[in-house]
Amino acid sequence: MSTGLRIEHLEVDIRHEEGTTPILRGVDLAVAPGTVQGLAGESGSGKTMTGLAAMGLHPSTAVRRGHVWLDDIDLLACAGSRLDAIRGRRIAMVFQDPSTSLHPQLTVGAQLTDHVRHHLSLTRSQARERAADGLARVGITQGVSALSRYPHEFSGGQRQRIAIAIALACDPQVVIMDEPTTALDVTVQAGVLALVRDLVDSLDLAVLFITHDLGVMSAIADRVAVMRYGEVVEDGECAQVFTAPRHEYTRSLLASLPGATGGLRTRDDLVRLAEEGGEE
Amino acid sequence: MDAARPKRRLLSRVWRKIPPEIRMPVGAVAFVIALAWVVLCVVGPSIVPYDPLAQTLPRFSPPSSTSWFGTDELGRDLFSRVIAGARITISLALLLVTASMLVGSIIGVVAGFFGRWVDEVLMRVTDVVLAFPTVILAMVTAAALGASLFNAVLAALIVSWPPYARVVRSLVLSLREADFVSSGRLLGFSAVRSMRVDVLPNIAGPTLVMASLDIGNAALLLSGLSFLGLGAKPPTPEWGSMISAAVVNFDKWWLGLFPGLAILTVVISFNFLGDALRDAFDPEAGRV
Amino acid sequence: MSEPVLCAEDVVVDYPGHPPVRAVDHVSFEIHPGEVVGLVGESGCGKSTMARVLTGLLKPDGGRIVYRGRPVLPLGLGGRAKDSTGIQMVFQDPGSSLNPRRRIGPQIQDGLDAARRRLGPLSASDGPLAAERVADLAHPSRPDTGSRPTTVTQWLERVGMDPKDATRFPRSFSGGQRQRIATARALAAAPDVLIGDEPISSLDASTQALVAYVMSSLTVAQGAGMLFISHDLSVVRLIADTLLVMYQGRVVERGPADEIWADPRHPYTQALLRAIPTPDGARRLPAVTPPGTTYPREEAQR
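Residue numbers (the numbering used here), protein chains in the order written: chain A, -16 to 263; chain B, -1 to 286; chain C, 7 to 308.
Honestly, the hints are just simulated from the structure, not real lab data.
Ideal Cβ placement from N, Cα and C applies to all residues, glycine included.
Keep in mind that a hint or two might mislead.
Chain A stretches covered by chain C per the calculated footprint, using a threshold of three residues with CB under 8 angstroms from any CB of chain C [said to hold, decoys possible]:
1) 78 to 84
2) 94 to 102
3) 174 to 183
4) 233 to 246
Here are the computed distance ranges between Cβ atoms for each label pair [claimed, not checked]:
5) Val18(C) / Glu(-6)(A): 15 to 23 angstroms
6) Asp20(C) / Phe148(B): 36 to 44 angstroms
7) Ser235(A) / Glu265(C): 51 to 59 angstroms
8) Ala257(A) / Asp125(B): 51 to 59 angstroms
9) Pro199(B) / Arg229(A): 27 to 35 angstroms
10) Leu100(B) / Ser178(C): 27 to 35 angstroms
11) Pro169(C) / Ser235(A): 21 to 29 angstroms
12) Arg229(A) / Ser178(C): 30 to 38 angstroms
13) Val18(C) / Ala257(A): 33 to 41 angstroms
Negatives, chain C to chain B, calculated, CB over 12 angstroms [unchecked claim]:
14) Gly101
15) Arg123
16) Gly261
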């Protein structure tokens, strides 16, 4: 039985000519199966680096310390073919912009079946079948005909669904999603969020959902962690974080948002916020 | 700024792979060598032990304590000739690069600025020149103009400006669409003012970097033309023509080795220098 | 009601192609002095195209833009017509809205210069707006009242920055700060209309509402009108007086911001509002509209 993903005291430093700069200062997170662990924060807080470092996709100038446990395997201790066998198979990632994360010159079918056959020993026709099923699962219902089409023939929302289908193709236990709805229009975003929720519930997935958008976070996450300056300053149940935040930073973040608890509801709230001298 | 990318040489691509802590000394060494060559350009002729043209020494004597690089077929001191050659090769290479950059930039700016048919005409001309193999076109032009150093530079100029025109034009085109250029126009900047204040300063960096990466190539092209007898004429101490003379006496290894090493160090050091310049000009990595 | 300062009259924009794509389809609206008009819609609805047309950066294929009673001409190789520097714009990307190779002081100074060129030797006969500025410019030493700042230093203070920042380059500022500087530069030109084309959408969520407020309140304080373009209805409705909702190149709903927020009439506006997730911790998924849903392109009546 999978225990999901556990990140223990993850530190990342970036080496450069003048020395090193700490990006993550000891991040602890646990993502249980069947739940969405949200990871929120502003630009530069380290939320994206957390996802990349866990996947081993950090820049070559970064040095990692700590543990990223996938069951009893420490991903930080894996490298080379061992990591390749796990990545994409047992833990997968979905990126922000599907127009760059999908290969523009390969059909959707080729991208799906290549990925599946790389990890699972399947025949070509079995892989195609699995690919068609995978697309159906994310709501791309044109079936087999969709397999022979190229990413640019799909809308932005459909492309992100395809990226999710690729991530899920080998039935991973854990999926890291980095701002998966940020590039989408709100009406399209609503559909993708509903899809993610549905997949988490039906497949018992553990999802680490990274976003700066606290509205999206509130809609999708079971637990929410808030990062600042490379540290998790708050981690709790979704309702608790939004309605009774423990950390001052979370409170100030919410106070600056329209529609949040203690946030901006009318123009007068905004005037008051400006007069109090909100800082960037 | 991406337009300058295809121009990047293999050498500098490898250079980027080297970890920064090793790169610094390499960059520093390259800088020192390049600087040394430039200094030799200026003071060289007054510090050489012998007159580079004087045929007073024994012929074909190998390197020794009296003539460090040996002597050539006419009994001239090779060390003095290599040092004296720096002034010719490097200053002409700088001249060539400056001229190509100016000609190419002017054409590129005009094409990008006016657009439409002006752009069409200028870019087709550029394409035509680019369609010829560089060295062959330069050879043909130099041969047609007659062998002299000046004509060699002119011939090299004719083949060297098009890359600048292309890069500058694409930089101008992309910058014209940049938001800060639009907002300048909205504040009432004329097209000329917009060009001068908002566009040109932002293309100067990449263009200068491209030029500095080109110095080594220019030296190579000019030496090549001289080697083929299309540039410097004897007895001018020019590296290319010195190597050319060494070819007939290939058993006298020092005749070709030292001018060759001179060309090699100039090309490599200026390439590294250009690379360091690019890092410095990168607006993201740059300092205030 | 005052005379509108900027009118879009039946504007049409086609992008070439086979067949041509109609980005803006017979759009008309007005912006009045002191009014903040919010223009919302999703990607591809034509809102950014509209911004470029309003400023003269793009020539419309039909209709016209009227600024203070005179048509706005598209930008040519020469400078912009002197009086049309009264239409200013703040762009979306804080990374490219300022010239990276110039210190910010001179860039704001360009705005002040544009104001001096346009308003020239100021005379009260230039209309009520100019008359007001005459009064303002006559007392450049009043820093803290509603008067118009007349120096770079005053402008930096006005947008909440340190006057010492004038000698620094854009790269040393955060996205939010750059948008404040870009706002100062645009407002220093004493515009009658400021157009913000998604000026907050690349900023961190916590600064978006604040920067939007700084931008709109300063504009209104100058007696100018503002068109605030955004895809984020939840922020726009806090600062806008009037809302325009665009869908497929057309305005499908318009009216007072509060009314539209409370009671959207057009099915598209309703879908847009329902899709906005609220940061309330309720774990409530926003309503999903089936993919491929189309909406009527006729404007809803209020």
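> Can you give the numbers of the hints that this structure goes against, from lowest to highest?
Replying inline: Going through the list in order, the structure violates hints 1, 2, 5, 6, 7, 9, 14 and 15 and respects the others.
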